[in-house]
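> Letter by letter, the chains look like this.
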Amino acid sequence: MKISVEPRIEASSGLRFVVMSTSILCAFMFGGLIMGIVGVDPVDTYVAMLEGAIGRPEYWSQGQFYSITETLVKAIPLMITSIAVGVAFKMLFWNIGAEGQLVVGAIAGSGVALFAKDYGLQSPYAGINVILMCLAGIMGGGLWALIPAFLKTRFKVNEIITTLMFNYVAILWYQYLFNVVWKDPEGMGFPGTAKFDGVWILGRISGRLHWGLGIALFSGLLVWIILDKSKWGYEIRVIGQNIKAAVYGGIDVNGNVLKVMLFSGGLAGLAGTVEVSGVSYSLQEGLSVGYGYTAIIVSWLSRLNPIAIMIVSVVFAGIMVGGDQIQMTMGLPSSVAYVLQGAMLFFVLGGDFFVRYRMTLTKGQRHADS
Amino acid sequence: MQTVDIAFWASVLSIAMAAGTSLVYATVGEIFAEKSGVLNLGVEGMMIMGAVSGFAAAYHSGNILAGVVTGSMVGGLMALIHCFVTITLLADQVVSGLAITLLGGGLASFLGQRLGVDGTPLVGLIGPRLLQIRIPYLSDIAYIGDVLFNRDIMTYSLYIVVPLVAFYIRRTRPGLFLRAVGENPQAADVMGVDVVKCRYFYTVIGGVFAGLGGVHLSLSYTPGWTESITGGRGWIAVALVIFATWDPIRSVVGALLFGGVNAIQFRMQAIGTNVPAALLNMLPYLLTIVVLVIITYFEGLRKKVGAPDALGLPYIREERV
Chain A
1 MKISVEPRIE ASSGLRFVVM STSILCAFMF GGLIMGIVGV DPVDTYVAML
51 EGAIGRPEYW SQGQFYSITE TLVKAIPLMI TSIAVGVAFK MLFWNIGAEG
101 QLVVGAIAGS GVALFAKDYG LQSPYAGINV ILMCLAGIMG GGLWALIPAF
151 LKTRFKVNEI ITTLMFNYVA ILWYQYLFNV VWKDPEGMGF PGTAKFDGVW
201 ILGRISGRLH WGLGIALFSG LLVWIILDKS KWGYEIRVIG QNIKAAVYGG
251 IDVNGNVLKV MLFSGGLAGL AGTVEVSGVS YSLQEGLSVG YGYTAIIVSW
301 LSRLNPIAIM IVSVVFAGIM VGGDQIQMTM GLPSSVAYVL QGAMLFFVLG
351 GDFFVRYRMT LTKGQRHADS
Chain B
1001 MQTVDIAFWA SVLSIAMAAG TSLVYATVGE IFAEKSGVLN LGVEGMMIMG
1051 AVSGFAAAYH SGNILAGVVT GSMVGGLMAL IHCFVTITLL ADQVVSGLAI
1101 TLLGGGLASF LGQRLGVDGT PLVGLIGPRL LQIRIPYLSD IAYIGDVLFN
1151 RDIMTYSLYI VVPLVAFYIR RTRPGLFLRA VGENPQAADV MGVDVVKCRY
1201 FYTVIGGVFA GLGGVHLSLS YTPGWTESIT GGRGWIAVAL VIFATWDPIR
1251 SVVGALLFGG VNAIQFRMQA IGTNVPAALL NMLPYLLTIV VLVIITYFEG
1301 LRKKVGAPDA LGLPYIREER V
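Those sequence lines, one after another, are chains A and B. Taking our numbering, the leading residue of the first sequence gets 1, the next gets one more, and so forth. Taking our numbering, the leading residue of the second sequence gets 1001, the next gets one more, and so forth.
If you're looking for bench data, these hints aren't it; they were derived computationally from the structure. Idealized CB from N, CA, C, for every residue including glycine. Some hints could be false.
[As the list claims (entries may be wrong)] What follows is a set of in silico ranges between Cβ atoms, one per label pair, in the way DEER data are often shown:
id, chain 1, residue 1, chain 2, residue 2, range
1, A, A245, B, P1163, 44 to 54 angstroms
2, B, A1270, A, Y119, 36 to 46 angstroms
3, B, Q1132, A, I37, 29 to 39 angstroms
Model the full structure from these sequences, guided by the hints.
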């Protein structure tokens, strides 16, 4: 008897669902195993994480939704960066630099918020100011992403390494700005820029939850429409599926690499701006917590579908908030969240085999020729 | 004046040797994997796991060798996951490699906060470290004596390992099979080489080397554990493989170049320059990009890129007719 493997023509959605849920279950079991090894009770930890992420029913009945709004606050930058990464992945351009693009977008947005009034560009209306700030963030992130895209199209330089190296450069630049150049002289020696004026701040919906959620949902829908309905989206998909066919079909591959990276980086930059304008109100420590990397996992698990990305990023944000929760209440490392996310990617990646291939037991003779 | 300059460069080279050692290990490891046709972008994750586990083992056992062995085995184990997912389950090598890096980073951070005494963090603990061994007479040679013959055992090992690996890949029969598997797995299969076994073997070896690179960081170069200990060195190693055009000897030149940037950075900070530390710290990353652009450009001109033909492609035996 011998196991032979052959590609499946088409997998049923039921099979996909079973494989996906088994994979995710395995990831949680793997996380539990690691916890067990270092002497932590996995069940208690998971329950605490879940409570941290969504709260408890008795809190809800009292009208307290703190945990849920916290999860959504974290979901906003994650959603936007995941959509950003997903667009680039769609054409098999490996943009690993969303973290850096987010940071540069935050730098550009903060720069506008801090200094626009010196040039008479401050409007009395927060709405107009925030739009101006977002445009700056989009340009910042987009142009930052355009450099690796240019190096790819002009010199064929591997984009995985360049986009990743740019993350380190962007983070060092951002730390230098808020620690030295833009440091608030009245900040009692604490690192960070001055707080933005009130007219540069995104309004809030409930608790700490701000209108960046609207921006994130809008970005998701916009990208879904672009990818699914527009000619540009069609070109992106063709390049991703079969680059030779794209070239034969007369699609400008290099032009699209530049355009898509400007767009992808711009979205990641928008995430950075939304974060400083909606959460921290200044450029300070704690902006770069790995959204750009988690975004890689989120967009891949969502199969690059913008609608799925929006849902998965909320779940992943919940895992991050749950991680913070167990750090605060149980003194356990919040990096449990990253272990779980990494494990999920692995198990789903591995599990995908059972969706793509069919395994059959055959008599050994069948391979006698080999 | 002349002598001062030589002394300065000798000290730069000395730091470059210390900083470059982990890079050479990681790069040589990745060369093994890529020569067999497996692209493993998980170097950063394998290194950081090697660093944390190696330091923890050395700290608790008080035995440096235990640390080195543990770190290298953990690196190999991480690579084994990559093998299983990409070679057996035929998943995308790029995504799996990224997953190794992301999982490794998260796991190392988690373990680093739990593996100290009774579940406390490892950060700030001082454990055993590799000492520099001064070789009598040789280390007294003017300038280069100290650079070459006052190092730790892991750097000395490279004096033998690197030429040996180069010889193995280029001149031996198993080396030929390794190259065949990376260039043309179908042909290698016909020659009677077990492609799957070969790829597993060299990718795991690559992980062991990456683990050793991480161990060198936490036991020698920056002794102790911090979460940012690797700081992108794994990715620089991936870039160095291209820089070295898949040649172990040339990887040493690249590693020294990058180590030298670290050294100049230290020196300038010590002298107290007007250049902000942040800008100096950007140098290794910017240099990686510049070097990559130059190499890719010239390789492109020569129409000969050194990458193995089947790099990154899965091998499915059934496809052979």
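> Does the Cβ distance between A1270 (chain B) and Y119 (chain A) fall inside 36 to 46 angstroms?
This hint holds: roughly 40 angstroms between Cβ atoms.
> Could you say whether the range 29 to 39 angstroms given as a hint is met by the Cβ separation of Q1132 (chain B) and I37 (chain A)?
holds (35 angstroms)
> Given a hint of 44 to 54 angstroms, does the C-beta separation of A245 (chain A) and P1163 (chain B) actually sit inside it?
holds (46 angstroms)
Comparing the model with each numbered hint stated earlier shows that all of them hold.
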